[in-house]
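**Q** Top line first, the protein sequences correspond to chains A and B. Sequential numbering of the first sequence, starting at 252, is according to this note's numbering. Sequential numbering of the second sequence, starting at 326, is according to this note's numbering.
Some hints here could point you the wrong way.
[What the hints assert, rightly or not] PhoX-like, lysine-lysine: derived pairs with alpha carbons at most 25 Å apart:
{"#": "1", "chain 1": "A", "residue 1": "Lys656", "chain 2": "B", "residue 2": "Lys357"}
{"#": "2", "chain 1": "A", "residue 1": "Lys630", "chain 2": "B", "residue 2": "Lys379"}
{"#": "3", "chain 1": "A", "residue 1": "Lys466", "chain 2": "A", "residue 2": "Lys496"}
{"#": "4", "chain 1": "A", "residue 1": "Lys501", "chain 2": "A", "residue 2": "Lys336"}
{"#": "5", "chain 1": "B", "residue 1": "Lys367", "chain 2": "A", "residue 2": "Lys630"}
{"#": "6", "chain 1": "A", "residue 1": "Lys580", "chain 2": "B", "residue 2": "Lys379"}
{"#": "7", "chain 1": "A", "residue 1": "Lys280", "chain 2": "B", "residue 2": "Lys431"}
{"#": "8", "chain 1": "A", "residue 1": "Lys280", "chain 2": "B", "residue 2": "Lys435"}
{"#": "9", "chain 1": "A", "residue 1": "Lys580", "chain 2": "A", "residue 2": "Lys657"}
{"#": "10", "chain 1": "A", "residue 1": "Lys657", "chain 2": "B", "residue 2": "Lys357"}
{"#": "11", "chain 1": "A", "residue 1": "Lys645", "chain 2": "A", "residue 2": "Lys580"}
{"#": "12", "chain 1": "A", "residue 1": "Lys399", "chain 2": "A", "residue 2": "Lys368"}
{"#": "13", "chain 1": "B", "residue 1": "Lys357", "chain 2": "A", "residue 2": "Lys630"}
{"#": "14", "chain 1": "A", "residue 1": "Lys645", "chain 2": "A", "residue 2": "Lys572"}
{"#": "15", "chain 1": "B", "residue 1": "Lys435", "chain 2": "A", "residue 2": "Lys657"}
{"#": "16", "chain 1": "A", "residue 1": "Lys657", "chain 2": "A", "residue 2": "Lys280"}
{"#": "17", "chain 1": "A", "residue 1": "Lys580", "chain 2": "B", "residue 2": "Lys357"}
{"#": "18", "chain 1": "A", "residue 1": "Lys369", "chain 2": "A", "residue 2": "Lys501"}
{"#": "19", "chain 1": "B", "residue 1": "Lys451", "chain 2": "B", "residue 2": "Lys419"}
{"#": "20", "chain 1": "B", "residue 1": "Lys379", "chain 2": "A", "residue 2": "Lys657"}
If you're looking for bench data, these hints aren't it; they were derived computationally from the structure.
What follows is each chain in one-letter form.
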Amino acid sequence: MNKVLSHTTLDVKQVRKDFPILKREVNGKPLIYLDNAATSQTPQQVIDVIVDYYSGYNANIHRGVHALSQEATDAYEQARIKIQKHFNAKQSHEIIFTSGTTHGINLVANGFSSLLKKGDEIIVSALEHHSNIVPWQMLCERTGAILKVIPMNTDGELVISEFEKLLNPNTKLVFVNHVSNALGTINPIETIIEKAHDVGAAVLVDGAQAAPHIKANVQELNVDFYVCSAHKMCGPTGIGMLYGKEEWLKKLPPYQGGGEMIAEVTFEKTTYADLPHKFEAGTPNICGGIAFGAALDYMNTVGFNTLANYENELLEYATSKLQAIEGVKIYGTSRHKTSVISFNVGNIHPYDIGTILDKMGIAVRTGHHCAQPIMDYFKIPGTVRASFMFYNTKEEIDTFIASLKKAVMMLS
Amino acid sequence: MTIEEIQNEIIDEFSMFEDWEERYQYMIDLGKTLPLIDEQYKTEDHIIKGCQSKVWVHAEMNDDKVAFTADSDAIITKGIIAILIRVFSNQHPKDIIEANTDFIDKIGLKDHLSPTRANGLVSMIKQLKMYAIAYQTQLN
Chain A
252 MNKVLSHTTL DVKQVRKDFP ILKREVNGKP LIYLDNAATS QTPQQVIDVI VDYYSGYNAN
312 IHRGVHALSQ EATDAYEQAR IKIQKHFNAK QSHEIIFTSG TTHGINLVAN GFSSLLKKGD
372 EIIVSALEHH SNIVPWQMLC ERTGAILKVI PMNTDGELVI SEFEKLLNPN TKLVFVNHVS
432 NALGTINPIE TIIEKAHDVG AAVLVDGAQA APHIKANVQE LNVDFYVCSA HKMCGPTGIG
492 MLYGKEEWLK KLPPYQGGGE MIAEVTFEKT TYADLPHKFE AGTPNICGGI AFGAALDYMN
552 TVGFNTLANY ENELLEYATS KLQAIEGVKI YGTSRHKTSV ISFNVGNIHP YDIGTILDKM
612 GIAVRTGHHC AQPIMDYFKI PGTVRASFMF YNTKEEIDTF IASLKKAVMM LS
Chain B
326 MTIEEIQNEI IDEFSMFEDW EERYQYMIDL GKTLPLIDEQ YKTEDHIIKG CQSKVWVHAE
386 MNDDKVAFTA DSDAIITKGI IAILIRVFSN QHPKDIIEAN TDFIDKIGLK DHLSPTRANG
446 LVSMIKQLKM YAIAYQTQLN
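Chain B with its partners taken away, still in its complex shape (with noise of 0.2 Å):
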């Protein structure tokens, strides 16, 4: 699938859900199910700066296609992180540089993307983007 594709997928299950209650507990769901990052990632070199929460992400390049791993000690990030991870993860570098984040703002998270909330999901997203241009550039 296109990350275009992942994306609509993604607003068409949110637009299930009626509240932000449905929201935040699928999310959370998300969150607990995943274990997302192998334990030697966990280090600082992989943390992300700017969030409250830990984040930690890994990269790595499998047939042309960029493979993120992550994780947080918050379990609303981990949540966050699982969607970025499904709409990013195993796509074609170029494609991630490319992306638009606009689905975001359509499945109810609009508020969690300002560059000031202390949660880091822009941070997150750069540095998803910052990955695929490194590979982008090996490519090259």
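Chain A with its partners taken away, still in its complex shape (with noise of 0.2 Å):
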């Protein structure tokens, strides 16, 4: 591994070398990737494990007498563990492995659906992506539950009085995302977990855009359901994790049929697998998991707080010379942010900048980011977001600002 030396500056020159992708161009022009909040690059050190995996120990798992079923299985809940302790869980059967943070809410939603009832209710938040609405939409039409959404305020923030009021004894479960994918506002789950347990509901948080940069600890937060995704932390796509305390995950019935998950199978009746297996319905996403560690291994090496600290100067870095190009407006300015910038530029339609950004070779994300409410909520019909991973420099901000200026210039 490159050594990533200091645990207080992030030295990046080091760091970008770590990570091949970044060496390419696009369009000619070096690639400057600033869609970090849609997928991570992968650093070398995961790329070699999954290339080790496959060339020197793919196996079926679980189930094998073989030797690289055995070495393959063993690397696979050595990753199990080393996300439990990432995460902090008090136990690595309270870690299941998922496609990604989709799967990990809807096997909670669709677990819900056998401990509802009519009447009960479920609140989200307004700062959530799609697929933490569709779910609940679905859970509601199927259990007679009620959806309410905790309203965000101007800066992108939530209004925590207005979710006190929503809270009453009905109120099962409260669903609500870390860090905001669109606006990048960091949500304060400790107050929420702690006001929604007041009332006896359950919280599941959904880690997909924190965990990138805040290492989250799933017991000191006291929260019930905790997902994310590998690819958002420098792993690979498809595979993520749920964290469910032991009590809550031993409550909700499997969420898929299949291999791995039974223990006992007649025609009259199966029994389940223990945990976490009763989760794990056919063969998963082995070299996934694997490659999962990999890339949590890689981040805490470079360190969260390091990297915290850098991106954070970043954020500053990029919002100070945006704020400078006349007509610039930021969408989602809470003072708790994680690297995320979403803007737009006068009215210039968002798809245009990104489109002439992309031919100077830097990658944002433009559109509603699944995240229409938030639109509707600024009367937009998008913006450009542009989000920083700690292998961005400030040369590659100034490449991008100057690139933006170019692109206003042309579509003014």
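Join the two chains, each given in its own frame, into one complex according to the hints.
**A** Shown next as structure tokens:
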């Protein structure tokens, strides 16, 4: 591994060497990748683990008696323990491998369909990603439960006093993202969890956008469920995790039927396997799970304090540079943000800006970021979203700003 | 002019541009200069699905020829539409249906043609051809 020496200041030049993709060009220009909130790039250390798996010990897990199967099983379960330790779960069987955040949310939503009755209430936040809204709407349709929404203010922050008013003994589940994907707002989940627990409601936190920047401690948070995806934190796509408190995971019925999740099958009755296998039907994404573990190793080597400090610097730098451009309006102006900037310039359509920036080798996201309700709130078709990771540099931001100015000139 | 003649004319115009900047600036200028559609047609019924920006298209038949008007809230998209309308508007439905769209590649906008690209150029062309098919059915 390339050594990331200092734990207080980040050696970004050294870190960038770990990411082969950052050397490529797009449209004849060096790639400047500012779409990290959609997916992060993968360091060589993680790529190596993927290659090693397929060239060294690819086998199906948990049932083979042969050496490869045992090696693969060990590596996969080792990854589960890495995830457990990273998020400080009490037990490794409280970590369920999923295909990603959306899968984790659906798993919990589906499980709650057998626990909810007509008149029960679910609270979600106005800052949610589509995938956070749809499963709950479906759940409410199935069970007759009622969906309520925590509103946000013009800074893109949740209004906690309004949340408190929504809580009552019928509230069974509260659902909120740790960090908003569209605006980057860090939500006060500690308060939300505590207040939800006061009325006996369970809390599921979507950590997809938080996990790459903030190391969540699930025991300290006392959160009931926490979900995230590996691909936003230097891991591969198609793998993620659901943390659930043991008591809750035992209460929820299995999500899918199939191999791995059963203890005993007769035609009369099937006994389900213990946690975590109860929720892991079929052959899982074995390589993905192992690589997820390697991604956490990598990020922990960089160090979450180190990367958070550095990313905050990038955020402040880019924000002040952007604000100096005439007509720029930034959406999501909370003081508590991860390194995400959602903005528009005058009346220029975000799509136009994204298209011109792409021509100059700069990858940003444009559109409604699967968060249509937020766009409706601000009455805009979408935004340009630039999101930074610890491997981005101030020089890249300078080029981004210069390119943006050029795009605005062309489009005005 | 036939569709092919117009396409060749556009290819000629674009061949004068030296780089992407000039090409895009041209499309942006096209997008700016053309008020394309009557406000009454900017409704949900006239929106083409599959575009990140909104695109409205309206078609009507005059003297056995299809006249298109269209608009978008994004200016590059509007420029692309302006080019498409120049090619396909006021042509016989049969000619529109049979026209190929290779010229898009030749004017350096090939990357806009990928069906997975969110700008919906493919959807736009499909929609124009759908209108032509509908009018062709009326003529038959």
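**Q** Hints first: check each against the structure and report whether it holds.
**A** We went through each hint and held it up to the structure:
Pair hint A:Lys656 plus B:Lys357 holds up; C-alpha atoms about 19 Å apart against a cutoff of 25 Å. Taking the CA atoms of A:Lys630 and B:Lys379, the gap is about 15 Å. The hint holds against a cut of 25 Å. Our distance criterion of 25 Å between C-alpha atoms is met by A:Lys466 and A:Lys496, whose separation comes to about 18 Å. This hinted pair checks out: A:Lys501 and A:Lys336 have alpha carbons roughly 21 Å apart, not beyond 25 Å.
Our distance criterion of 25 Å between C-alpha atoms is met by B:Lys367 and A:Lys630, whose separation comes to about 18 Å. Using a Cα cut-off of 25 Å, the hinted pair A:Lys580 and B:Lys379 holds, with the two alpha carbons roughly 21 Å apart. Proximity of A:Lys280 to B:Lys431 is assessed by CA-CA distance (about 22 Å); at most 25 Å being required, the pair is judged to hold. With a C-alpha separation of about 19 Å, the suggested pair A:Lys280 and B:Lys435 falls inside the 25 Å cut-off, and the hint holds.
A threshold of 25 Å between alpha carbons decides the hint, and for A:Lys580 with A:Lys657 the separation of about 17 Å falls inside it, so the pair holds. Distance check on the hinted pair: A:Lys657 and B:Lys357 sit about 17 Å apart at the alpha-carbon level, within 25 Å; holds. Taking the CA atoms of A:Lys645 and A:Lys580, the gap is near 21 Å; set against the 25 Å cutoff, the hint holds. About 16 Å separates the Cα atoms of A:Lys399 and A:Lys368, which keeps this hinted pair within 25 Å; it holds.
For the suggested pair B:Lys357 and A:Lys630, the alpha carbons sit about 23 Å apart, so the restraint of at most 25 Å is met. Under the criterion of a C-alpha separation no larger than 25 Å, the hint pairing A:Lys645 with A:Lys572 is consistent with the structure, at around 11 Å. Simply put, B:Lys435 and A:Lys657 have alpha-carbon atoms about 23 Å apart, close enough for the 25 Å limit, and the pair holds. A threshold of 25 Å between alpha carbons decides the hint, and for A:Lys657 with A:Lys280 the separation of about 15 Å falls inside it, so the pair holds.
The straight-line distance between the Cα atoms of A:Lys580 and B:Lys357 is roughly 23 Å, inside the 25 Å bound, and the hint therefore holds. A C-alpha spacing of about 23 Å is found between A:Lys369 and A:Lys501, which places the hinted pair at or below 25 Å, so the restraint holds. Taking the CA atoms of B:Lys451 and B:Lys419, the gap is about 14 Å. The hint holds against a cut of 25 Å. With a C-alpha separation of about 24 Å, the suggested pairing of B:Lys379 with A:Lys657 holds against the 25 Å cut-off.
In the structure shown, no violation is registered for any of the earlier numbered hints.
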